[in-house]
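A.B. asks: Sequence:
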Amino acid sequence: MARAWAELMGRLGYGRYGAQGGDSGAVISPELGRLAPDRVVGVHVNGALGFPTFDPAEMAGLTEGERARLRVYADHDRAGYASIQATRPQTVAFGLHDSPAAQLAWIVEKFKEWTDPARDLPEDAVDLDQLLTDVTIYWVTRTAASSARLYKEGSARWGMPVERSEVPHGVAVFPGDGGVRRVAEREHNVIHWSEFGRGGHFAAMEVPDLLVEDVRAFFRKVR
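Here the sequence shown stands for residues 1 to 223, where the numbers follow my numbering.
Treat the hints with care, since some could be wrong.
Stated by the list, open to error - Here are the in silico distance ranges between beta carbons for each label pair:
{"#": "1", "residue 1": "D98", "residue 2": "R181", "range": "37 to 47 Å"}
{"#": "2", "residue 1": "Y14", "residue 2": "R88", "range": "34 to 44 Å"}
{"#": "3", "residue 1": "D129", "residue 2": "R181", "range": "33 to 43 Å"}
{"#": "4", "residue 1": "A57", "residue 2": "A105", "range": "36 to 46 Å"}
{"#": "5", "residue 1": "D98", "residue 2": "V72", "range": "28 to 38 Å"}
{"#": "6", "residue 1": "A74", "residue 2": "P161", "range": "12 to 22 Å"}
{"#": "7", "residue 1": "E163", "residue 2": "D124", "range": "40 to 50 Å"}
{"#": "8", "residue 1": "L132", "residue 2": "N189", "range": "34 to 44 Å"}
{"#": "9", "residue 1": "P56", "residue 2": "R78", "range": "15 to 25 Å"}
Rather than coming from a laboratory, the hints here were simulated on the basis of the structure.
Nothing here was measured: the structure is a model prediction, and the numbers come from that model.
Where a beta carbon is used, it is the ideal one built from N, C-alpha and C, also for glycine.
Work out the full structure: start from the sequences and follow the hints.
C.D. replies: Here is the structure:
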């Protein structure tokens, strides 16, 4: 995916640009920086950057808040969907392709679990029409299988060490996400770090005002 983005930006004539991503984009955008460090001026992600090793030395001295964030990586219930998609993507895809109710439930569950913990219902955090539009895109394009298979094809490298990137990175951490600066700095050149008290994993849909301002603040440092 990072190679595809680099090729696209080259074809569009951009010799110098930045990258931003959340969720899968928080993995892909840093890879774009590693792939094209001479062109990517900076990478901003929301959520988390890198994966913890849980080495005692890495855990030593972390605050309780940071430890709580890292616990999301050990939450097997939270990661159940990922385990299924990483091992049986085609099986789950039949149900998702056959039933719009299944497709809706599969995605809305993530919005219920990952949006702002202070909100009771996902539609309290994300506009209902926007949420339904998101699900509808999966349904009408019939991409449940390919989106699930992404986990199968990427799972072999989950948690594997990567080459350190010296491209400047910025991180915005919202409630419920697993971002810890010490973890991020192990493999990335982090020059900007923000933590917010509202919002959630889908920050672009939940709190676009906070996210946009943080993206602007980061890129002002590297442009």
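A.B. asks: Now look at each hint and say whether the structure bears it out.
C.D. replies: Checked hints:
no., hint, verdict
1, D98 <-> R181: 37 to 47 Å, "holds, 44 Å"
2, Y14 <-> R88: 34 to 44 Å, "holds, 39 Å"
3, D129 <-> R181: 33 to 43 Å, "holds, 36 Å"
4, A57 <-> A105: 36 to 46 Å, "holds, 42 Å"
5, D98 <-> V72: 28 to 38 Å, "holds, 31 Å"
6, A74 <-> P161: 12 to 22 Å, "holds, 19 Å"
7, E163 <-> D124: 40 to 50 Å, "holds, 41 Å"
8, L132 <-> N189: 34 to 44 Å, "holds, 39 Å"
9, P56 <-> R78: 15 to 25 Å, "holds, 24 Å"
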